[in-house]
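Engineer: What follows is the residue order along each chain.
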Amino acid sequence: MQPSAHAFAANASAALADPNLQDSLAKLKVGFSERRRQAAERLPEFEQLRDRARDIKNHTLAHLDFYLEEFERKVLALGGHVHWAPTAADARRIIGELCRSVGARTVAKSKSMVAEEIALNEHLEAMGVSPIETDLGEYIIQLRNEPPSHIIAPAVHLTKDQVADTFLEHHRALGFTKRLTERNDLVAEARYVLRQKFLDADVGLTGANFLVAETGSSMLVTNEGNADLSNTLPRMHIVLASIEKVIPTLEDAAVLLRVLARSATGQESSAYTTLNTGPRRPEDPDGPEQYHVVLLDNGRSSVLGTEMQDMLRCIRCGACMNHCPVYGAIGGHAYGWVYPGPIGAVLTPQLLGVEEAANLPNASTFCGRCESVCPVRIPLPKLMRHWREREFERHLTPRGVRRGLAAWAWLAQRPRLYRWMTGFANRLLALFGRAEGRYRSLPLAGGWTRFRDFPAPEPGGTFHARWARQGGARTRP
Amino acid sequence: MVAGVPSSVSAPRRVALFVTCLVDMFRPSVGFAAIKLLEDAGCIVEVPPVQVCCGQPAYNSGDRRTARTIAAQVIDAFDGYEAVVAPSGSCGGMLIHHYPGLFEDDPSMRARAESLASRSHELTSFLVDVLGVRTVSARHAGTVTYHDSCSGLRELGVKEQPRELLRHIDGLTLSEMRAPEVCCGFGGTFCVKYPDISDAMVREKATDIAASGAGTLLAGDLGCLMNMAGKLQREGSAVKVRHVAEILAGMDDQPAIGEPPGTTR
Ligand code: SF4
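Taken in sequence, the protein lines are chains P and V.
Just so you know, the first sequence maps onto residues 1 to 477 in the working numbering.
Just so you know, the second sequence maps onto residues 1 to 265 in the working numbering.
Keep in mind that the hints were calculated from the coordinates and are not lab data.
Hints may contain errors.
Using C-beta positions, here's what the derived DEER-type ranges look like [stated by the list, open to error]:
id	chain 1	residue 1	chain 2	residue 2	range
1	V	P107	P	R394	23 to 33 Å
2	V	A111	P	R394	23 to 33 Å
3	P	V30	V	G142	26 to 36 Å
4	P	A468	V	P260	52 to 62 Å
5	P	A468	V	D40	57 to 67 Å
6	P	R183	V	A211	20 to 30 Å
7	P	R183	V	S175	28 to 38 Å
8	V	S175	P	A173	53 to 63 Å
9	P	D165	V	G171	50 to 60 Å
Chain V is faced by these chain P residues, among others (derived, beta-carbon under 8 Å) [to be verified]:
id	residue
10	V255
11	W408
12	W467
Using N, Cα and C, we set each Cβ at its ideal position, and we do this for glycine too.
All chains should be built: construct the whole structure from the sequences, respecting the hints.
Structural biologist: See the structure below:
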């Protein structure tokens, strides 16, 4: 997908003015966070599990080369193949060649943000291969030709009515001419349409929630079971996963699964958890003839060992965006790329560069709610601040902001002058704001007064002026 | 702990007030309220004169070097005090959580930053957790609602302390709003850099405040309070907005934030 992170401010304004989107977001904000809260309350050891989840990921990242090679060895022993893709282009090429090798015309896809990251669909289409999204949400946005707006609920920005219209428009040709209004009917219709596509697909392509080094398995969780159909029916199964998805053992997976579903949707566990371990064996009744794993780096290894490494712990649960008040106000599309919300604000500058994505880490109040819910305790505000520092060092911060900061810093280091200046400003603001106690508009503070009044200082001078006047008397004024 | 002060001292007595830059400039009475509360609890309060600001504007804008310079100035200013108290979770969070990290490559400054961090407190948590205060002498007839400002809540665990003190005030009823822990959209420079997103956030807050039925909104951070007061007043709301210290110190007879002089409740 074409990134538009640089246009964040304009994207956000458009999102704020979109009534359908605002409707959908209102429900999301209450729904997800309430369910997570209840799920956490039901599990007394939830906080300890989060610590373990963090430790597992940290341990793996510290020995990533070891576990990746271990994983590769196991996959090869099972008769599968592993392909290393340093860049997005490499991954696209590898997958394209694999599809071509079996003469694929359609690819059934399930659960892969990484496929979005490398713009796989566009690549396949250009090759004459049709990618078909089988996750209901992904399917809906594919019909609408939109990018996902959330990492676990890609169509969360749409209302039911919008989905009904989309289905009517696209399913008419298949003989569905009735505009549906009930959620269940919509799901049933999509299921009917998708069933045939599963049967037609030559290649099944899935992402992975985890890659288990111990067994060479890829692990997928879904609530629709679509992954299972994508990877058992076609002749070839391709797993596309980024390198940080590897974990040491099945036991580790069990810990991570426990925090994943609870953080994401408030479920104890997702409805379907599937382990794929190699191609079908002679005694298996079904399964793919070929099993390929494409391991994507795309800039991730360069984060290892740096102060930004923590971002690689992410297990893509979506909790940070579900709890982010900024995401809640503007939705995911405003972030202008695959990963929205707080984790997007941290990943996107890494993957696309600070030049493209400098806005994202700045669009945060640092309220810290994301960090407080992240199952693997990623210090998201800290990482966003790191980006702001990189940006400042490289002089990408807007000139006005830099100058303002420099002037303020100069003054702040001269307390006497600072006192004099603030005393002056205080008296001026108090004087002119006296009648109303506040300002309806204020020069230089247009960003504030467009939406809010600006409180005038209380009369009587600054604190320090009054304190000095009283000779530091320890009494009320 | 400061050198020479035995760790068995249970309630620090000589306390330095960190007057935040917003309190200094816009709401001095918050500083005086804090002094009264601390003195009533038996402390001797001093106000080191060279303090200016905690450095957050630079720190959160990515200007680490300036943040360090200002942090060093604050560390100097508060050297030797048994306790440093700020009527703000955000500035308190800065001193306690972020200062030490600013001096990673400078062991002696880092040690001083850690010393300051260990002596610094947000006002209500200092009163309740350190001094063991439960009741204050104030009275307030009316219903209030309390907004949990982000840094105080998530960096310092300030949640129950202000409520504990409020509950003991004669005549006061606390009516919780929906989602008091969700950010009000202030975020320092965020509110001017992304005014329309900030507006969407504070609008929702204003709706929740109105729905609580409270006549007064309280919080522990002046930035958030000015943001919410400004929005409430723009919408024509009659809800009064005050720093929690004002109510606790019985200073609710003066005009609320954004009210003209001469107005009383
Ligand atoms: S950063 Fe944390 S909360 Fe956000 S998606 Fe990743 S694991 Fe989930």
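Engineer: Against each hint, give a clear statement of whether it holds in the structure.
Structural biologist: Going down the list of hints, with the structure as the test:
1. V:P107 <-> P:R394: 23 to 33 Å: holds, 29 Å
2. V:A111 <-> P:R394: 23 to 33 Å: Because 32 Å falls inside the window, the suggested range holds.
3. P:V30 <-> V:G142: 26 to 36 Å: holds, 29 Å
4. P:A468 <-> V:P260: 52 to 62 Å: At 26 Å between Cβs, range violated.
5. P:A468 <-> V:D40: 57 to 67 Å: Violated, since A468 of chain P and D40 of chain V (Cβ atoms, about 23 Å apart) do not stay within the stated range.
6. P:R183 <-> V:A211: 20 to 30 Å: holds, 29 Å
7. P:R183 <-> V:S175: 28 to 38 Å: Given about 36 Å between the Cβ atoms, the range holds.
8. V:S175 <-> P:A173: 53 to 63 Å: Holds - the Cβ-Cβ distance for S175 of chain V and A173 of chain P, about 56 Å, lies within 53 to 63 Å.
9. P:D165 <-> V:G171: 50 to 60 Å: holds, 56 Å
10. V255: With Cβ-Cβ at 25 Å, over 8 Å, it is violated.
11. W408: holds, 6 Å
12. W467: Hint holds; W467 of chain P Cβ to chain V Cβ min 6 Å, cut 8 Å.
In summary, the structure is inconsistent with hints 4, 5 and 10 from the numbered list given earlier, while agreeing with the others.
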